[in-house]
Amino acid sequence: MASHGIKNRVAIIGMGCTRFTEHWDKGLDDLLIDASDLAFRSAGVTKQDIDAYWFGTAQSAMSGIALARPLQLEGKPVTRVENYCATGSEALRQACYAVASGAYDSAMAIGAEKVKDSGMQGLNAFPVPNDGTSRTLTAAAMFSMVAPAYAQKYGVDRADLKRVLARIASKNHANGAKNPLAQFRKEMSVDQLCAMPAVAGDLSVFDCAGVADGAAAAIVVRAEDAHRYTDKPLYIKALSMVAGNGSGLMDPSYDYTTFPEIVQCAQDAYAQAGITDPRHELAMAEVHDCFTPTELVLMEDLGFCERGTAWSEINAGSFDLDGDLPVNPDGGLKSFGHPTGASGLRMMYEAWLQLRGEAPEERRISTYGKRHLALTHNLGGYPGEMVSFISILGTELD
Amino acid sequence: MTAKSTGPTKGILAWGTHLPYRRLDRSTIAAVAGTGGGKGMRTVASFDEDATTMGAEAARAAVGSVNGVSPGSIWFSTVAVPYLDKTNATTIHAVLRMSPDVAAYDAIGSVKSGVGALRAGLSGDAPALVVSSDLRSGLPGSGDEASGGDGAAALLLGSSTDGPLLAEFIGRGVATEEFLDRWRVPGDSRSKLWEERFGETRYAALAPAAWAAALAAATVQPGDIDHLIVTGTHDRANASVARSLGARTEALVDSLAATVGNTGTAHPALLLASALERATPQQIIALVVLADGVEVLLFRTTDALAAYAPLHTVAEQVAGGGSITYGRYLAWRGMLTVEPPRRPEPPRPSATASGRSRDWKFGFVGSVDGEGEIHMPPSRLDPERRAMAGAYGTIVTYTVDKLSYSLNPPVVFAVVDFDGGGRLPIELTDVDAAEVAIGARVEMTFRKLFTSDGVHNYFWKARPIRDGHADKGAN
Numbered sequence: 001m002a003s004h005g006i007k008n009r010v011a012i013i014g015m016g017c018t019r020f021t022e023h024w025d026k027g028l029d030d031l032l033i034d035a036s037d038l039a040f041r042s043a044g045v046t047k048q049d050i051d052a053y054w055f056g057t058a059q060s061a062m063s064g065i066a067l068a069r070p071l072q073l074e075g076k077p078v079t080r081v082e083n084y085c086a087t088g089s090e091a092l093r094q095a096c097y098a099v100a101s102g103a104y105d106s107a108m109a110i111g112a113e114k115v116k117d118s119g120m121q122g123l124n125a126f127p128v129p130n131d132g133t134s135r136t137l138t139a140a141a142m143f144s145m146v147a148p149a150y151a152q153k154y155g156v157d158r159a160d161l162k163r164v165l166a167r168i169a170s171k172n173h174a175n176g177a178k179n180p181l182a183q184f185r186k187e188m189s190v191d192q193l194c195a196m197p198a199v200a201g202d203l204s205v206f207d208c209a210g211v212a213d214g215a216a217a218a219i220v221v222r223a224e225d226a227h228r229y230t231d232k233p234l235y236i237k238a239l240s241m242v243a244g245n246g247s248g249l250m251d252p253s254y255d256y257t258t259f260p261e262i263v264q265c266a267q268d269a270y271a272q273a274g275i276t277d278p279r280h281e282l283a284m285a286e287v288h289d290c291f292t293p294t295e296l297v298l299m300e301d302l303g304f305c306e307r308g309t310a311w312s313e314i315n316a317g318s319f320d321l322d323g324d325l326p327v328n329p330d331g332g333l334k335s336f337g338h339p340t341g342a343s344g345l346r347m348m349y350e351a352w353l354q355l356r357g358e359a360p361e362e363r364r365i366s367t368y369g370k371r372h373l374a375l376t377h378n379l380g381g382y383p384g385e386m387v388s389f390i391s392i393l394g395t396e397l398d
Numbered sequence: 001m002t003a004k005s006t007g008p009t010k011g012i013l014a015w016g017t018h019l020p021y022r023r024l025d026r027s028t029i030a031a032v033a034g035t036g037g038g039k040g041m042r043t044v045a046s047f048d049e050d051a052t053t054m055g056a057e058a059a060r061a062a063v064g065s066v067n068g069v070s071p072g073s074i075w076f077s078t079v080a081v082p083y084l085d086k087t088n089a090t091t092i093h094a095v096l097r098m099s100p101d102v103a104a105y106d107a108i109g110s111v112k113s114g115v116g117a118l119r120a121g122l123s124g125d126a127p128a129l130v131v132s133s134d135l136r137s138g139l140p141g142s143g144d145e146a147s148g149g150d151g152a153a154a155l156l157l158g159s160s161t162d163g164p165l166l167a168e169f170i171g172r173g174v175a176t177e178e179f180l181d182r183w184r185v186p187g188d189s190r191s192k193l194w195e196e197r198f199g200e201t202r203y204a205a206l207a208p209a210a211w212a213a214a215l216a217a218a219t220v221q222p223g224d225i226d227h228l229i230v231t232g233t234h235d236r237a238n239a240s241v242a243r244s245l246g247a248r249t250e251a252l253v254d255s256l257a258a259t260v261g262n263t264g265t266a267h268p269a270l271l272l273a274s275a276l277e278r279a280t281p282q283q284i285i286a287l288v289v290l291a292d293g294v295e296v297l298l299f300r301t302t303d304a305l306a307a308y309a310p311l312h313t314v315a316e317q318v319a320g321g322g323s324i325t326y327g328r329y330l331a332w333r334g335m336l337t338v339e340p341p342r343r344p345e346p347p348r349p350s351a352t353a354s355g356r357s358r359d360w361k362f363g364f365v366g367s368v369d370g371e372g373e374i375h376m377p378p379s380r381l382d383p384e385r386r387a388m389a390g391a392y393g394t395i396v397t398y399t400v401d402k403l404s405y406s407l408n409p410p411v412v413f414a415v416v417d418f419d420g421g422g423r424l425p426i427e428l429t430d431v432d433a434a435e436v437a438i439g440a441r442v443e444m445t446f447r448k449l450f451t452s453d454g455v456h457n458y459f460w461k462a463r464p465i466r467d468g469h470a471d472k473g474a475n
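Heads up: the protein sequence lines correspond to chains C and L, in order. For the first sequence, the residue numbers in the working numbering are 1 to 398. For the second sequence, the residue numbers in the working numbering are 1 to 475.
In case anyone wonders, no lab produced these hints; they're calculated from the structure. Honestly, I wouldn't trust all of these hints.
Claimed, not checked - Here are a few chain C residues that face chain L, going by a calculated C-beta distance under 10 Å:
#, residue
1, Y104
2, T138
3, A140
4, T258
5, P260
Stated by the list, open to error - Some chain L residues near chain C, calculated using beta-carbon distances under 8 Å:
#, residue
6, V66
7, V338
8, R342
9, R343
10, S354
11, W360
12, R380
13, Y392
14, T394
15, T397
16, Y405
17, P409
18, F413
Don't be surprised by glycine CBs; every beta carbon is placed ideally from N, CA and C.
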């Protein structure tokens with residue numbers, strides 16, 4: 001029993017991503033047509049050339065028919081995938097395994113979410129009939145418990161930590177402002193962010209991911225076939241996934257300053273990819289900054305810095321666009337927006353642009369040309385009870 | 001000594017009470033309503049309490065205060081009925097995790113049903129847990145709004161063969177008559193009253209016969225009464241009947257009008273509990289209930305009373321309590337329609353899922369795995385169950401959620417570590433967000449989370465330990 005991974009066996013040869021925004025004039029079908037069309041054109045293929053489809057959506061539709069109908073696919077296998085907010089990543093993971101197995105020559109992973117038809121702010125979970133005893137707390141409130149726990153454990157003043165969290169949001173706003181596909185394209189200063197009223201714990205609305213409609217897609221083939229489609233494929237170095245069992249919620253030793261599922265997931269991903277020093281081997285990372293304290297803890301859980309140092313590294317600018325290891329150069333969930341089913345693929349889309357030198361000059365990562373690996377991290381759930389996904393992608397077949 | 005000298009002596013084996021945490025200062029009413037109000041405080045059931053949850057809390061206190069006595073039946077009385085058709089007493093049965101061979105019945109709808117259930121409980125062949133609970137209110141500015149109170153009391157009744165009686169039932173008297181003093185049609189939010197003098201004269205006319213019958217049955221004189229309770233929904237009749245009975249003035253038991261208000265169906269048992277808390281062994285307590293007639297029940301306390309220590313005494317609960325504004329009281333009572341949360345309304349709980357998880361949902365039972373870790377909700381894979389409802393806990397961390405659906409935002413939510421093991425992230429209640437602190441001590445309380453499609457979603461919350469028993473659970 002082991003996690004072997006599929007390093008260098010599958011490559012992404014085309015990607016597409018819609019703008020993430022309040023698409024009042026577009027439904028799920030429109031978003032799927034737009035994202036898939038961008039991906040087909042990126043790879044220079046048509047829908048007939050794709051052998052199988054994996055369609056990720058958390059709660060905008062059910063079954064593969066919801067993709068086959070708008071795309072008018074004929075006799076294709078289409079699987080609907082759901083894994084909380086890691087749904088888009090999960091679609092890519094399935095597509096890659098299908099190609100790696102030899103079952104298909106090519107596959108598309110597409111993720112989409114139409115969240116702005118509900119008439120309510122925020123994300124609203126699909127109600128499964130239950131006994132009425134499950135928690136109804138918002139994700140914001142669950143993640144808000146991380147900040148005071150972190151401050152207490154590492155002796156950081158609460159007010160200082162609030163500015164650290166605001167700096168995360170400010171960085172992601174600055175990156176998003178340079179991104180025409182991002183939901184929020186406005187820079188926000190630390191002082192502006194600190195002045196926002198709290199809605200959950202110490203968190204303001206500006207500590208939370210943007211809620212947007214959007215879709216993103218990737219086309220994968222066997223690595224040896226990649227150059228038939230593009231000179232610059234992105235090779236799959238690692239695909240790692242852990243579903244927690246919820247024990248963190250019941251474990252009196254859990255202290256809300258780390259996400260154990262992510263630590264396990266990262267170990268597996270780095271082993272698959274052969275990475276020993278992520279801070280210096282990765283060119284960039286897209287991480288699941290659903291709330292600012294999440295990005296804080298992720299820097300440590302993903303091994304980008306030592307325990308208890310993320311707050312000072314963030315203050316030092318280590319994860320800025322021009323920092324040591326740029327994190328969320330596209331603006332992250334914070335300013336790019338978070339259509340749950342699409343976000344995992346959106347992260348890979350930024351890796352696709354950055355590693356291939358296609359990101360615009362003003363948003364280019366400091367490490368471009370010097371390193372050629374990117375990490376995407378996508379989670380779903382809450383502290384104590386989450387799913388974690390990590391991919392590592394690279395431009396070289398080393 | 002008993003009313004009928006056949007069979008063993010009947011009486012009270014245990015009692016428990018529940019008074020809601022919130023108190024409305026009656027002097028704040030007139031400023032809003034333009035009229036009404038008065039002096040003192042009344043208790044106010046929380047937005048997440050109803051007659052069943054309050055009754056369940058009182059029943060937990062009664063059953064938890066005595067060892068080894070299990071009732072053969074549960075009786076539940078209220079006018080503020082959570083369900084019709086469906087039995088409410090079965091919810092209390094589930095909270096107490098009673099075995100299926102314990103019966104559960106409602107005796108509901110009229111204020112008199114409480115004392116009626118009490119009488120029935122004293123005549124059964126097995127111990128009876130008699131639970132009475134009520135939420136009293138009227139239109140804004142009304143006398144019923146100001147004088148009413150919310151609360152519950154539970155009495156475990158049985159015979160001397162069931163366990164040590166704390167008070168023996170020594171006599172009763174009854175006078176029943178049809179007359180219209182107060183009334184309410186089903187569904188109405190207020191009661192209506194006939195001219196006060198009419199009811200007062202009817203109660204005054206009926207009391208002597210019932211009183212005399214009870215005294216004769218117990219072979220006692222009015223001057224022998226140590227604690228006289230005269231209670232009913234007619235304040236003037238209560239006062240005039242109390243004066244007419246010939247008992248010593250100092251025997252009259254405080255009606256709790258200034259601190260609690262009149263809890264209607266629950267009030268006879270609540271005042272009986274209050275009197276028992278203060279009584280010493282070998283004293284006589286007279287309970288006179290004026291409700292569409294007159295009911296008199298006489299008890300003599302026993303030596304066992306001295307050793308009885310109820311959880312949450314009436315006195316402790318009266319002394320505690322936190323304020324509520326009149327506006328919020330009106331909103332909780334549905335008298336003031338406030339903007340609902342802009343979140344999807346929760347779906348109704350599934351009857352089948354709730355039935356399968358009965359022990360967890362109603363009984364708050366977790367499980368223990370092979371390594372001693374406690375799982376809440378319980379896991380089917382674990383070898384052992386663990387009752388957690390009585391466990392005390394400590395707040396490890398908490399948050400205040402202004403975004404989540406709530407009938408009383410913001411939601412205060414805490415991660416609680418229980419003494420003896422187990423952790424659960426759970427909503428807090430009976431608390432102001434500003435007073436929550438890491439390290440604070442909490443206890444579990446049975447509440448109603450919301451009502452959807454007419455289904456009351458009952459489950460548990462944690463609340464700060466505020467009264468005298470707090471130290472029992474402290475580390």
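Against the structure, the hints:
1. With a cut of 10 Å, the hint placing C:Y104 at the interface with chain L is violated, because the nearest CB-to-CB distance is about 38 Å.
2. The restraint placing C:T138 at the interface with chain L holds, with a minimum CB-CB distance near 4 Å, inside the 10 Å limit.
3. Annotation: interface hint on C:A140 holds; nearest CB of chain L at approximately 6 Å, less than 10 Å.
4. Hint on C:T258 is violated. Least Cβ distance to chain L is approximately 14 Å, over the 10 Å limit.
5. Evaluation of the C:P260 hint against chain L yields a violated restraint, the C-beta minimum of about 15 Å exceeding 10 Å.
6. This hint is violated: L:V66 has a C-beta 29 Å from the nearest C-beta of chain C, more than the 8 Å allowed.
7. With its C-beta approaching chain C no nearer than about 18 Å, L:V338 sits outside the 8 Å limit, and its interface hint is violated.
8. Checking L:R342 against chain C: minimum C-beta separation of about 6 Å stays under 8 Å; hint holds.
9. Hint status for L:R343 relative to chain C: holds, with the closest Cβ pair at about 6 Å, below 8 Å.
10. This hint holds: L:S354 has a C-beta 5 Å from the nearest C-beta of chain C, less than the 8 Å allowed.
11. A least Cβ separation of about 7 Å between L:W360 and chain C falls short of the 8 Å threshold, and the interface hint therefore holds.
12. Hint status for L:R380: violated, given a least beta-carbon distance of 14 Å to chain C, over 8 Å.
13. Taking 8 Å as the C-beta contact cut-off toward chain C, the hint placing L:Y392 at the interface is violated, the least distance being around 14 Å.
14. Annotation: interface hint on L:T394 violated; nearest CB of chain C at approximately 10 Å, more than 8 Å.
15. The closest approach between the C-beta of L:T397 and any C-beta of chain C is roughly 5 Å, which is under the 8 Å cut-off, so the hint is satisfied.
16. Among the interface hints, the one on L:Y405 holds; its C-beta lies about 6 Å from the nearest C-beta in chain C, closer than the 8 Å criterion.
17. Against a cut-off of 8 Å between C-beta atoms, the interface hint on L:P409 is violated, since the closest Cβ of chain C lies about 11 Å away.
18. Given hint, L:F413 at the interface with chain C, holds; its Cβ is 5 Å from that chain's nearest Cβ, closer than 8 Å.
Hint compliance for this structure: hints 1, 4, 5, 6, 7, 12, 13, 14, 17 are not met, and every other hint is.
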